[in-house]
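Novice: So you can see what is in the structure, the chains are spelled out below.
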Amino acid sequence: MNTAGVRAVARVRACPDGRGGTCLPVLESDGPLALRRTRGRGTEAQVLLVGAMSGPLGGDRLAVRADVRPGARLRVGSAAATLALPGQQAGEARYDVRLTVADGGELHWLPEQLVSVRGSELLVTTRADLDRGARLVLREEQVLGRAGEEPGRLTSRLTVRIAGRTVLDQQLACGPGAPGGWDGPAVLGGLRAVGQLVVVRPGFEDKPVTARALGEGAAVLPLPGPAALVTAVAPDALRLRRLLDGASALFGPASD
Amino acid sequence: MSRAALLVLADGRFPAGGHAHSGGAEAAVGAGRVTGAASLEDFCRGRLHTTGLVAAAVAAAAALGVDPVELDAAADARTPSPALRTAARKLGRQLLRAARVAWPSGELDALAGTFPKGAHQPVVLGVTALAAGLGPADAAYCAAYESVSGPASATVRLLGLDPFDATGVLARLAPEVDEVVTRAVGTAREAVGAGVDALPAASAPLLEVFAQAHAGWAVRLFAT
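Chains A and B, in that order, are what the protein sequence lines are. Everything in the first sequence is counted per the working numbering, starting at 1 for the first residue and increasing by one. Everything in the second sequence is counted per the working numbering, starting at 1001 for the first residue and increasing by one.
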């Protein structure tokens, strides 16, 4: 067992500051994961995830935890795309994201793309646990290889729970060594960018989102719960972002 | 167990409504992504290792006695497309109707009582296997094979593909069906102790995207 990779856990916790805004009593950077508070809008706090070194590399174990307490609003982005790279160490890298949002809390988790570079091996797991009454906007984008490059091996699992009930559990495996057919016409069909946008709003309980196809590359899918998924595939990162941004606009302002 | 019962359950002529579904092949043919035997094989291989694996694991877990309510919720979470969730429930209802006549059992009656609108088809398939005296691997084989045989026979109709070529595709995929069943049964056994989160969640983005578009087609040969 290889233990030479980097191990790091970055943490952020958002709480109401008592003056209508949001404070961050926990904001811990670790190793290659640096968290920086930036100017937020309105009552929300904004944090930027800044890669302090390249990675994840083979053998690394990286994790980010974000915890949003009742009434707090947090927006997390990243300064640049994350590159999964082959490391000196053999073996896969792991990147775990754990998000918790309490009743009345709101989290916007909007990192830049994850790029699976040739020769890399990465397992990403993102798990969002929401209390009833919590709100979430979560975007994930995976790009298979830099421009014109063969991708690495990427396995990505996304799980969303609301009040203990799993409303979404999906895993995508692609790249060399992934189970057969991943690049065929049922899964990615030669497209190189794939993304998910999850929106959870208590208001969807009474007014569920309507399922619809958005052209040939994306669909809006109401999940079993006050949640919706936009799943999208595109030839490249730019077109994927356009699809997800276009879909995002369909949900309208979060008033409920 | 009776090996012949497996043949009865896996028979394409078993009256459970499967013939009305193409497993996404109609949409893929319409989009020009499946045009012949080679692309059909790629399509089926992708389907087998994603939704086929999930269906096989859910069916195996149901045959091992894992709570159908939890399995149905797990299948929901792994099927984000509402068009596919509805189709899976409808197929489950149709299978249950046939199964209760073929292999009357208390478990199947209880399932009908718990899910008046139908449970996901693989859940029903697993409980049916149990009622027919079959085991988890048999249930997984039915689900995994169905995940490729449906699109293959639909493509014969959709493209006028030579049925010999379609059968050749299925024969070439057989070793991978075996692998998928082994994985599915392994995770189903884990789920007995560890809960349904242990089940695989492999997804196929294009199947989901196209299922929603296909549901909106005014004229189509297949329901999915």
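Accuracy of the hints is not assured; some may be wrong.
Subject to a maximum C-alpha distance of 20 Å in a straight line, what follows is the list of computed SDA-like cross-link-like pairs (lysine to any residue) [to be verified]:
1. 1090/B <-> 224/A
2. 207/A <-> 1100/B
3. 1090/B <-> 1073/B
4. 1090/B <-> 131/A
5. 1117/B <-> 1137/B
6. 1117/B <-> 1106/B
7. 207/A <-> 104/A
8. 1090/B <-> 1223/B
9. 1117/B <-> 222/A
10. 1117/B <-> 224/A
11. 207/A <-> 250/A
12. 207/A <-> 251/A
13. 1090/B <-> 222/A
14. 207/A <-> 131/A
15. 1090/B <-> 1100/B
16. 1090/B <-> 1110/B
17. 1090/B <-> 1113/B
Per label pair, the in silico range of CB-to-CB distance [to be verified]:
18. 1003/B <-> 98/A: 42 to 48 Å
19. 1107/B <-> 31/A: 51 to 57 Å
20. 4/A <-> 1162/B: 33 to 39 Å
21. 212/A <-> 1113/B: 32 to 38 Å
22. 1179/B <-> 132/A: 37 to 43 Å
23. 1030/B <-> 251/A: 42 to 48 Å
24. 1019/B <-> 40/A: 24 to 30 Å
25. 132/A <-> 1113/B: 55 to 61 Å
26. 1135/B <-> 248/A: 44 to 50 Å
27. 1032/B <-> 40/A: 42 to 48 Å
28. 1032/B <-> 25/A: 53 to 59 Å
29. 25/A <-> 1098/B: 55 to 61 Å
30. 1179/B <-> 163/A: 32 to 38 Å
31. 1003/B <-> 147/A: 52 to 58 Å
It should be emphasised that the hints constitute simulated quantities derived from the structure, not laboratory data. Predicted model only: the values in this text are computed from it and were never measured. C-beta atoms are modelled at their ideal positions from N, C-alpha and C, and glycine is treated no differently.
Novice: Next, verify each hint and record whether it holds.
Specialist: Status of each hint after checking the structure:
{"no.": "1", "hint": "1090/B <-> 224/A", "result": "17 Å, holds"}
{"no.": "2", "hint": "207/A <-> 1100/B", "result": "37 Å, violated"}
{"no.": "3", "hint": "1090/B <-> 1073/B", "result": "16 Å, holds"}
{"no.": "4", "hint": "1090/B <-> 131/A", "result": "31 Å, violated"}
{"no.": "5", "hint": "1117/B <-> 1137/B", "result": "27 Å, violated"}
{"no.": "6", "hint": "1117/B <-> 1106/B", "result": "18 Å, holds"}
{"no.": "7", "hint": "207/A <-> 104/A", "result": "18 Å, holds"}
{"no.": "8", "hint": "1090/B <-> 1223/B", "result": "11 Å, holds"}
{"no.": "9", "hint": "1117/B <-> 222/A", "result": "19 Å, holds"}
{"no.": "10", "hint": "1117/B <-> 224/A", "result": "15 Å, holds"}
{"no.": "11", "hint": "207/A <-> 250/A", "result": "14 Å, holds"}
{"no.": "12", "hint": "207/A <-> 251/A", "result": "11 Å, holds"}
{"no.": "13", "hint": "1090/B <-> 222/A", "result": "18 Å, holds"}
{"no.": "14", "hint": "207/A <-> 131/A", "result": "19 Å, holds"}
{"no.": "15", "hint": "1090/B <-> 1100/B", "result": "16 Å, holds"}
{"no.": "16", "hint": "1090/B <-> 1110/B", "result": "17 Å, holds"}
{"no.": "17", "hint": "1090/B <-> 1113/B", "result": "15 Å, holds"}
{"no.": "18", "hint": "1003/B <-> 98/A: 42 to 48 Å", "result": "47 Å, holds"}
{"no.": "19", "hint": "1107/B <-> 31/A: 51 to 57 Å", "result": "52 Å, holds"}
{"no.": "20", "hint": "4/A <-> 1162/B: 33 to 39 Å", "result": "55 Å, violated"}
{"no.": "21", "hint": "212/A <-> 1113/B: 32 to 38 Å", "result": "35 Å, holds"}
{"no.": "22", "hint": "1179/B <-> 132/A: 37 to 43 Å", "result": "41 Å, holds"}
{"no.": "23", "hint": "1030/B <-> 251/A: 42 to 48 Å", "result": "28 Å, violated"}
{"no.": "24", "hint": "1019/B <-> 40/A: 24 to 30 Å", "result": "56 Å, violated"}
{"no.": "25", "hint": "132/A <-> 1113/B: 55 to 61 Å", "result": "28 Å, violated"}
{"no.": "26", "hint": "1135/B <-> 248/A: 44 to 50 Å", "result": "47 Å, holds"}
{"no.": "27", "hint": "1032/B <-> 40/A: 42 to 48 Å", "result": "46 Å, holds"}
{"no.": "28", "hint": "1032/B <-> 25/A: 53 to 59 Å", "result": "55 Å, holds"}
{"no.": "29", "hint": "25/A <-> 1098/B: 55 to 61 Å", "result": "59 Å, holds"}
{"no.": "30", "hint": "1179/B <-> 163/A: 32 to 38 Å", "result": "37 Å, holds"}
{"no.": "31", "hint": "1003/B <-> 147/A: 52 to 58 Å", "result": "54 Å, holds"}
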